[in-house]
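Protein chains: 4
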Amino acid sequence: MSSSHITDALVTTGELSELFADTSAIQAMLDVEAALARAESTLGIVPRPAAMAITKAAIATEFDAAALAREARDAGTIAIPLVKALTERVRAIDPAAAGFVHWGATSQDIVDTALVILIDRAVDLIGRDHAGLATSLRALSDRHKDDVMIGRTVLQPAAPTTFGLKVAGWYAAVQRGWARVDTRRREAVVLQFGGAAGTLAALEANGAQVAERLGRELGIRCPAAPWHAYHDNLAALVAACGIYAGSLAKVARDVSLLMQFEVGEAREEGGGSSAMPQKQNPTGCAVTLAAAARLPGLTAAAIASLVQEHERSVGGWLTAWPTMADALQATGAAAAAMRGVASGLIVDPARMRANLDATNGAVYAERATMLAARTLGRDTAHRLVKEALRSGQAGQRLSAIVRATPALADAISVADLETLDDPAAYLGVAETLRQRLLTGSH
Amino acid sequence: MSSSHITDALVTTGELSELFADTSAIQAMLDVEAALARAESTLGIVPRPAAMAITKAAIATEFDAAALAREARDAGTIAIPLVKALTERVRAIDPAAAGFVHWGATSQDIVDTALVILIDRAVDLIGRDHAGLATSLRALSDRHKDDVMIGRTVLQPAAPTTFGLKVAGWYAAVQRGWARVDTRRREAVVLQFGGAAGTLAALEANGAQVAERLGRELGIRCPAAPWHAYHDNLAALVAACGIYAGSLAKVARDVSLLMQFEVGEAREEGGGSSAMPQKQNPTGCAVTLAAAARLPGLTAAAIASLVQEHERSVGGWLTAWPTMADALQATGAAAAAMRGVASGLIVDPARMRANLDATNGAVYAERATMLAARTLGRDTAHRLVKEALRSGQAGQRLSAIVRATPALADAISVADLETLDDPAAYLGVAETLRQRLLTGSH
Amino acid sequence: MSSSHITDALVTTGELSELFADTSAIQAMLDVEAALARAESTLGIVPRPAAMAITKAAIATEFDAAALAREARDAGTIAIPLVKALTERVRAIDPAAAGFVHWGATSQDIVDTALVILIDRAVDLIGRDHAGLATSLRALSDRHKDDVMIGRTVLQPAAPTTFGLKVAGWYAAVQRGWARVDTRRREAVVLQFGGAAGTLAALEANGAQVAERLGRELGIRCPAAPWHAYHDNLAALVAACGIYAGSLAKVARDVSLLMQFEVGEAREEGGGSSAMPQKQNPTGCAVTLAAAARLPGLTAAAIASLVQEHERSVGGWLTAWPTMADALQATGAAAAAMRGVASGLIVDPARMRANLDATNGAVYAERATMLAARTLGRDTAHRLVKEALRSGQAGQRLSAIVRATPALADAISVADLETLDDPAAYLGVAETLRQRLLTGSH
Amino acid sequence: MSSSHITDALVTTGELSELFADTSAIQAMLDVEAALARAESTLGIVPRPAAMAITKAAIATEFDAAALAREARDAGTIAIPLVKALTERVRAIDPAAAGFVHWGATSQDIVDTALVILIDRAVDLIGRDHAGLATSLRALSDRHKDDVMIGRTVLQPAAPTTFGLKVAGWYAAVQRGWARVDTRRREAVVLQFGGAAGTLAALEANGAQVAERLGRELGIRCPAAPWHAYHDNLAALVAACGIYAGSLAKVARDVSLLMQFEVGEAREEGGGSSAMPQKQNPTGCAVTLAAAARLPGLTAAAIASLVQEHERSVGGWLTAWPTMADALQATGAAAAAMRGVASGLIVDPARMRANLDATNGAVYAERATMLAARTLGRDTAHRLVKEALRSGQAGQRLSAIVRATPALADAISVADLETLDDPAAYLGVAETLRQRLLTGSH
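Chains as they are written, first to last, in the working numbering: chain A, 1 to 442; chain B, 1 to 442; chain C, 1 to 442; chain D, 1 to 442.
Since the hints were made in silico from the structure, they are not lab data. It is possible that part of the hints are untrue.
Which copy? The list can't say, so a pair holds if one copy fits it or any two copies do.
[Unchecked claim] In silico SDA-like pairs for lysine to any residue, Cα to Cα no more than 20 Å straight-line:
hint	residue 1	residue 2
1	K84	G272
2	K56	R390
3	K145	T183
4	K386	E88
5	K386	L438
6	K84	D142
7	K386	S399
8	K145	E204
9	K386	D74
10	K145	R186
11	K84	Q27
12	K145	A224
13	K386	L417
14	K84	E387
15	K145	D124
16	K386	Q280
17	K145	A96
18	K145	L125
All chains, please: the whole structure from these sequences, using the hints.
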C-alpha cells in the first residue's frame with residue numbers, strides 16, 4: 001500500500017499525519033453515519049436494531065481505502081462509494097438494516113461533518129505543542145529580562161533592548177495567534193446536515209430535530225442552518241492558522257539570525273549535516289519556516305474557494321479536505337518544531353553584551369541626539385551627530401567622538417556623557433512593555 | 001500630475017480612492033506628527049508654542065506628494081522626506097519649534113499609525129455599503145419566502161427550495177463576513193509608537209505616558225506594546241476582508257447564474273455593451289467578482305509578510321500600505337457593487353416556478369425515493385427510482401413514471417403520489433432555517 | 001502504516017499517487033546515491049566493488065519509510081537518516097564499501113536530484129492524459145464545426161458562434177498550456193550536484209567530471225552550476241502547471257455551464273448522487289475545478305520560496321518536495337478528469353440551435369446595428385436598435401421589431417432583413433479562426 | 001484631483017507610475033480606436049476623412065479621467081464611457097465621422113489591446129534597469145573572483161567559496177529570470193480583436209484582414225484568434241515577473257545579510273533613519289524585498305483568473321489591468337532598486353577573509369573528513385572529525401584539533417595538514433562554475 005511519509009515528512013507531525021490518514025478519515029465519516037442512524041432511531045425514524053447494526057458495521061479498518069479512493073475519483077466524492085460499501089457491510093450483519101443507511105443525508109453532510117471532527121482533534125493536538133511553546137517562551141523572557149542586546153532594525157544595530165523584551169514580543173504574538181486559531185476552531189466546528197438541497201426535506205418536518213440529535217450524538221454544535229455552499233468559517237480557520245504559523249516563522253527567522261556564526265547570541269540544539277561534521281544547523285527553525293511557507297498559498301486557496309455556485313458548487317467544496325489537512329498539518333509541524341527550539345534554546349548573554357559593545361557606541365547615537373536636542377533641537381542635533389559619526393575615526397567610540405565635537409559636548413551634561421555607552425541607561429520602558437506583553441494587559 | 005483612476009476604476013470606489021490618495025495619506029501622517037507634539041507638550045516635553053506651530057504646519061495640501069514619493073524611494077520610507085519637509089515648514093512658522101518635530105518617534109511609528117487611521121475610516125465607509133446591502137437582502141428574503149425554485153447542487157437541479165431561503169443564506173454569510181471585518185478592525189486599529197528600537201528610550205521614563213496621550217489625541221487605542229515587527233492584526237484584517245469579499249462574490253456568482261438568458265429567474269439592473277444593443281449585463285456582479293479576485297493573493301501577501309526580522313524587518317513592513325489600501329478598496333468596490341445589485345434586483349417568481357416544472361418532476365426523485373424507502377428501504381428505493389427514470393420516456397413526468405413502475409407505485413400511498421410534484425410539499429424546514437439565518441439565532 | 005488516499009483522492013491520480021509515495025521517492029534518492037558511486041568509480045575515486053555494493057543495497061523496499069520520516073523531522077532533511085541507513089545496509093554487504101557512500105555529496109544534492117527524477121516521470125504521466133485530451137478536443141471541434149450556438153459574453157447571449165470554434169479555443173489553450181509545462185520541465189530537470197557549499201571542493205579538481213558522469217548515469221542534463229539556492233526553474237514549472245490547470249478548469253467551467261438543466265447543450269457522462277437518483281453530475285468538471293484550485297496558492301508558495309539565503313536557505317528548499325508533488329498531482333488529476341470529460345462529451349446541436357432561436361433574434365442585434373450603421377452611422381444605429389428592442393413587445397422577434405421601426409427598416413436592405421435571424425449569416429470568420437487555432441498557425 | 005504616489009511610492013518607479021497613469025492609459029485606448037479606424041479606411045470600410053477625424057480626436061489630455069472612471073464603475077468597463085466620449089469629440093470635429101467610431105470592435109478589444117501596448121512599454125523600461133544590473137553584477141563577479149569568503153548554508157558556515165562565484169550565481173539567476181520575462185512578453189503582446197462574440201461577424205468577411213491591418217498600424221502581432229476568454233499568456237508573464245522579482249529579492253536578502261554589522265562583508269550605499277543618525281540601512285534591498293513580496297499573490301490572482309466563462313467571463317478579464325499594472329510596477333521597482341544596490345555595492349574582501357579565519361577552521365571540517373576518508377572511509381572519518389571537534393577546546397583551530405587526534409593525524413598527509421586552513425586549497429571548481437554561470441554555457 002502506498003504511503004507518503006517521505007514527501008510530507010517536514011510538513012506534518014506523526015500524530016497529525018495519523019489523524020488525516022485513511023483509517024482515521026474513514027472512521028470519522030463512519031462515525032457520522034452511525035450517529036445519524038442512532039439520532040434518527042431516537043426519533044422513531046430508523047428502527048433501533050438498524051441503528052445498532054449500522055453502528056456495528058462502522059469500523060474503518062474493515063474498509064478498503066485505496067478502492068474507495070479510486071471510486072471516489074469517478075463519483076466526485078468519497079461519500080458515494082463509502083455509503084455503498086457501508087450498506088453492503090450492514091446488509092451482511094442485518095439485511096433489514098441496510099435500507100436505513102445514510103437516511104435523509106447527502107454526501108456533503110457526511111464528508112464535511114467528518115472533516116470538522118478531524119479539525120477539532122487536530123487543533124487539540126497542535127494546542128499541546130503551543131502550550132509547551134508558550135510556557136518555554138514565558139520562562140525564557142523572565143530569565144533574560146535584564147540581558148541587554150542590540151535592538152536591530154532593518155538588520156542594522158538600532159538601540160539597545162533586552163532579550164527578555166524580544167522574547168516577550170514572540171510570546172505575545174504566538175499567544176494572539178493561538179487565540180485566533182482556537183476561536184476560529186470553535187466557530188468552524190459545527191455540524192453539516194442539510195440533505196439534498198439544504199432543506200432537509202427528506203426528513204419532512206423532523207429535519208431540525210434530527211440535526212439537533214445528530215449534533216448531540218457527535219458532541220458538536222448544530223448551527224443555524226447547513227453551510228453546504230458557505231465555507232467561510234473554514235477559510236477563517238485556515239487564515240488563523242496562517243497568521244499563527246507566520247508568527248512562529250518570525251520567531252524561527254529571529255533565532256536563525258541570532259544563531260549565525262558571526263552573531264552567536266542564541267542557538268537551538270539543532271541538527272547536523274550529511275557532508276559537514278562541524279555543522280550545527282537551525283533545523284527546528286528550518287522546519288518551521290518551510291512548514292509556515294505553505295500557509296499563505298493555502299489561505300489564498302481557501303478564500304478563493306468561497307465563490308461557490310448555488311446550493312452546492314462544482315468542485316468548490318471538494319478543496320476543503322486537502323486544504324484543511326495541509327494547513328493544520330503544516331501549522332502543527334511548525335508549532336512542534338518551535339516548541340523544541342524554545343525549550344532547548346541556548347542563550348549567550350555575554351555575547352549579546354559583547355556585540356553591543358562592538359558597535360563602539362553607535363547604538364547610542366539616538367541617545368546622544370536626544371540629549372543634545374534638549375538645547376539644540378532635534379533636527380540640529382541629528383545633523384551634528386551624523387556629521388560627527390562620519391568624521392570620527394574608524395574604531396573610535398561614540399562617546400569619544402561626541403567629546404571631540406564641541407557643539408555636542410557642550411549640549412550634553414557631563415553626567416549624561418559618562419553613561420552614554422551604558423545600555424542599561426537607554427532601555428526606556430522596555431521592562432514595562434515586557435510585562436504588559438506577558439500578561440496581555442492593556 | 002499623474003493619477004491612476006483608469007487602471008483602478010473597477011477595484012475601488014470614489015470615496016475609498018480619495019481616502020488612500022496622496023492628500024489624505026499625507027494628512028494622516030501629519031496628524032500623527034502634530035498629535036505627538038501636542039501629547040508631548042501636555043507632559044512638558046515639547047513647549048506648547050512648538051506643538052502649536054507643528055500643528056499649524058501640518059496641512060497636507062502644502063506638501064508636494066510627487067516629490068515626497070520620489071525621495072521615499074531613496075530613503076526607503078515616506079517618513080524621512082516628510083519629516084524633513086515638515087521641519088522646514090515649521091521652521092518657517094517658528095524657528096524654535098523646528099527642533100521638536102518628530103520628537104522621540106521613528107519613521108514606522110508615523111507611517112503605521114497613519115495607516116491604521118486610514119484603515120479605520122475605510123472600514124467605516126465600507127460599512128455603510130454593507131448596511132445597505134444587508135437591509136436589501138433581508139427584505140428580499142422576506143418578500144420571497146414562499147417563492148419556490150429549483151435548489152441546484154453541482155449546477156444541476158437537486159430538490160426544491162425557496163428564493164427566500166437562498167437569499168437568507170446570502171444574508172447570513174455577508175453578515176458573518178462583515179462581523180469579522182469589524183472585529184478585526186477594532187483589533188488592528190491601535191497606536192504604533194515605539195521609537196527607534198521599540199523601547200521608547202528617547203523619551204526615557206515618559207515613553208508609556210506619551211504613548212497614552214498620543215493615543216488619546218488621535219482617538220485610537222494604545223496597545224500593550226509597539227508592534228513594529230508584528231503585523232498579525234493587519235493580516236487578520238486583510239483575511240477578514242478576503243472572506244467577506246469572497247461571500248459577496250458568492251452572491252454575485254449566484255446572481256449572474258440566475259440572470260443567464262436560459263434561466264432568467266433574477267437579474268440586476270446592470271449595464272450595457274459597447275457592441276451589442278440588446279445586452280443587459282450583470283455588471284455589478286462582474287465588478288464584485290473582479291474586485292474579490294484580488295483578495296486571496298493580497299491575503300497571501302499579508303500572511304507571508306509576517307516573517308519579519310528582529311525589531312523591524314528589511315522590507316516586510318513596507319508592504320503594509322499597498323496591501324491594506326488594495327485590500328480595503330477592492331472590498332469596498334465589491335460591497336458597493338453588491339449593494340447596488342441587491343437593492344435593484346428584479347426577481348421573477350413565475351420563471352422560478354416554470355423552471356421547476358420544466359424538470360418534469362426530476363427534482364422530486366429524492367422524495368419518491370424516501371416515500372418508497374419506508375417500505376422498500378433506502379437502497380432499494382434509490383435503485384428502483386434510478387432505473388425507472390432511465391427507462392422513462394423523454395418528457396414523461398416523474399409521477400407518471402412512478403405510477404408505471406409497480407414496485408414503486410405500490411410502495412407510495414395514493415395521497416403522496418397526488419402531491420409528488422408539489423414543491424410546497426417538499427420544502428422540509430426551509431422556512432425554519434430561513435428565519436434562523438435572518439435572526440442569527442441558534 | 002498510515003496512508004492518505006482519502007484526503008487526497010480527488011487531487012491526484014492513482015499513478016501519480018504511487019509516483020510520489022514512499023517506495024518510489026526513496027528509490028529515487030537511492031538511485032542517485034548508487035549512480036554517484038558508479039560515476040565516481042569510473043573516475044577511480046570510488047573502488048568498483050564499493051560502487052557495486054552500494055548499487056546492490058539501494059533497494060527502497062528494504063528501508064523503513066516511517067522511521068526515516070520520523071528521523072527526518074529531527075535532522076531537517078530526509079537525506080541524513082537515509083544516508084545513515086544506506087551506509088549500514090552497504091556495510092552488511094561489503095564492510096569496505098560503507099566508507100564510500102555519499103562520497104562528495106551534500107544532502108540537498110540527493111534530495112533535489114531525486115525530486116527532478118520524479119518530476120520528469122510525473123510530467124510524462126500527465127502528458128499521456130494531455131495527449132488523449134487534445135485528440136478528443138480536436139475531433140470534437142471538427143465534428144461540430146458547423147453547429148451554431150449562442151456565443152455568450154458575461155453569461156449573456158452575445159452573437160452566434162459555432163461549437164467547433166468554442167472547442168478549438170479550448171484546444172489551443174490546453175495545447176499552449178501543455179507546451180509550457182513540457183518546456184519548463186526540460187529546463188527544470190537538471191542534475192543537482194554541488195557538495196557542501198556548491199563548489200564540489202570535496203572532489204577537488206574532479207568535481208565537474210563527476211557531475212558530468214553522474215548526469216549521464218541518471219540520464220539527466222548537467223547544468224552550468226549547482227542550483228542549491230536557486231529554485232527558479234522549479235517555480236517556473238509550477239507556474240506552468242498552474243496555467244495549464246487553469247485552462248483545463250476553464251474548459252470544465254464551460255462544460256458545467258453547458259450542462260445546466262436549463263441550457264442542456266452538452267454533458268459529460270458524469271457521476272451520480274448519494275441522495276438523488278435523478279442526478280447526473282458534472283463530476284469530471286468538479287474534480288478538475290477542485291484540483292486546479294490548488295495551483296494558484298502552490299504557485300505563490302513556489303515563487304515566495306525563491307528568496308533563499310546565501311548558499312542554501314533556512315527552510316526555503318525544504319518546501320520544494322511537497323509543493324512540486326502537490327502541484328504535479330493536482331495538475332494530473334485535472335488532466336485525467338478532463339480527458340474523460342472530453343472523450344465522453346455528449347453534445348446536443350439541436351438544443352444549441354433551439355436556445356439560439358429562443359432568444360427571438362436578440363443575438364442578431366449587433367448585426368442589425370451594423371447593417372443600419374452603413375447609412376445611419378454606428379452610434380445612431382446602436383441607439384435606434386436599443387430603443388426598438390426596449391419598445392418591442394415581449395416575445396416579438398428582432399426582425400419583426402426592426403421591420404416595425406421605419407428608421408431601421410429603411411436603412412437595411414430587404415435581402416439582409418430576410419436573413420437577419422440566420423445564424424449562418426452572422427458567423428464572421430469563425431471557421432478561419434477555428435482552423436488557425438487547431439493548426440496553431442499564424 | 002486625487003493621485004496616490006504616497007501609498008505606492010515603494011512599489012513602482014517614476015516612469016512606470018507615469019506609464020500606467022490615466023493620461024497614458026487613456027491614450028493607449030484612444031490609439032487603438034484611431035488605428036482601428038485607419039485600418040478600416042485602408043480596406044474601404046470606413047471613409048478616410050472619418051478615420052482622420054477619429055485620429056485627430058484621440059488626444060488623451062482632452063478627456064476627463066475621473067469622470068470616465070466613475071462611469072466605468074456603472075458600465076463595468078472603461079471602454080463604454082470612453083467610446084461615448086470619443087464619439088462626441090469626433091462629432092464636434094466632423095459629424096459624419098462620429099458614426100464610424102469603434103466600428104466592428106467590442107469593449108474588450110480596446111481595453112486588452114491598450115493593456116498589451118502598455119505592457120510592452122513597461123517591459124522595455126524594466127529592461128533598461130535589468131541591463132544595468134546585469135552589467136554591474138558581471139563586473140562585480142570578475143572583480144572578486146579570487147576573494148574567498150565563508151560559504152553559508154542554513155545560515156551557518158559551510159565551506160569556503162568566492163564572492164565572485166556568489167555574484168555569478170546572482171547574475172545567472174537574474175539573467176534567466178529576465179529571459180523568461182522577455183520571452184513571455186513577446187508571447188503576450190498580441191492584438192486583441194474579436195468583436196462581440198469573437199467571430200468578428202460585424203465585419204463580415206473582412207474580419208481577418210482588418211485584424212491584420214490593425215496589428216500593423218499598432219506594430220503588434222496578430223495572433224491566430226482573439227483571446228477574450230484566454231489570459232494564459234498574461235498569466236505566464238506575471239509568473240515570469242514573479243520569478244524574476246523573486247531572484248532579485250534573493251540577491252537583496254543576501255546583501256542585507258552580508259551588510260549586518262556583525263558580518264560586514266558588503267554594503268549598499270543605502271539610506272538613513274528618521275530617528276538614528278548612525279544608521280546606514282539596506283534601503284535598496286528593503287525596497288526590493290517589499291516590491292517582490294507582492295508578486296506571489298499577484299501571480300496567484302492571475303492564474304486563478306484563467307477560469308473564465310464562455311466567450312467572455314463575468315469579471316475575470318477585468319482583473320487583468322490592475323494585476324498587470326501592479327505586477328510590472330513592483331517588478332520594475334525591484335529591478336531599479338537592485339540596479340542601484342549592485343552598481344554601488346561596497347565590498348570588503350578583508351572582512352570576508354577575517355570572518356573565514358574567525359571560524360578557526362571549522363569551515364574545513366569537510367576537507368579534513370574527505371582527506372581522512374581516503375584511508376578511513378567517509379563514515380568513519382565523518383564520525384571522528386565530529387567527535388574531535390566536540391572534544392576540542394574553545395578557540396582551538398581545526399588543524400590543531402586534527403593533529404591532536406591520532407586516528408585523523410595518521411590518516412592525513414603532512415602536506416595536506418599544512419594547507420588544511422588555506423581557503424584557496426578548498427575551492428573545488430568554484431572558478432569553473434563561475435565562468436560557466438557568467439557565460440550561460442553548458
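Here is how each hint holds up against the structure:
1. K84 - G272: between (50 Å within a copy, 12 Å between copies)
2. K56 - R390: neither (82 Å within a copy, 35 Å between copies)
3. K145 - T183: neither (31 Å within a copy, 33 Å between copies)
4. K386 - E88: between (83 Å within a copy, 19 Å between copies)
5. K386 - L438: Classified as neither: same-chain Cα gap 37 Å, cross-chain 40 Å, threshold 20 Å.
6. K84 - D142: neither (59 Å within a copy, 40 Å between copies)
7. K386 - S399: Answer is within; shortest intra-copy Cα gap is 13 Å, inter-copy 45 Å.
8. K145 - E204: Between copies only: 18 Å across chains, 65 Å inside a chain, cut-off 20 Å.
9. K386 - D74: Cα proximity of K386 and D74: across copies only (18 Å, versus 71 Å in one copy).
10. K145 - R186: The answer is neither: 35 Å in one copy and 31 Å across copies each exceed 20 Å.
11. K84 - Q27: within (15 Å within a copy, 37 Å between copies)
12. K145 - A224: Only across copies: K145 and A224 sit 17 Å apart there, 49 Å inside one copy, limit 20 Å.
13. K386 - L417: Cα proximity of K386 and L417: one copy only (17 Å, versus 49 Å across).
14. K84 - E387: Close across copies (17 Å), not inside one copy (81 Å); limit 20 Å.
15. K145 - D124: neither (31 Å within a copy, 41 Å between copies)
16. K386 - Q280: between (40 Å within a copy, 11 Å between copies)
17. K145 - A96: This pair counts as neither: shortest intra-copy Cα distance 70 Å, inter-copy 40 Å.
18. K145 - L125: neither (31 Å within a copy, 44 Å between copies)
In summary, the structure is inconsistent with hints 2, 3, 5, 6, 10, 15, 17, 18 from the numbered list given earlier, while agreeing with the others.
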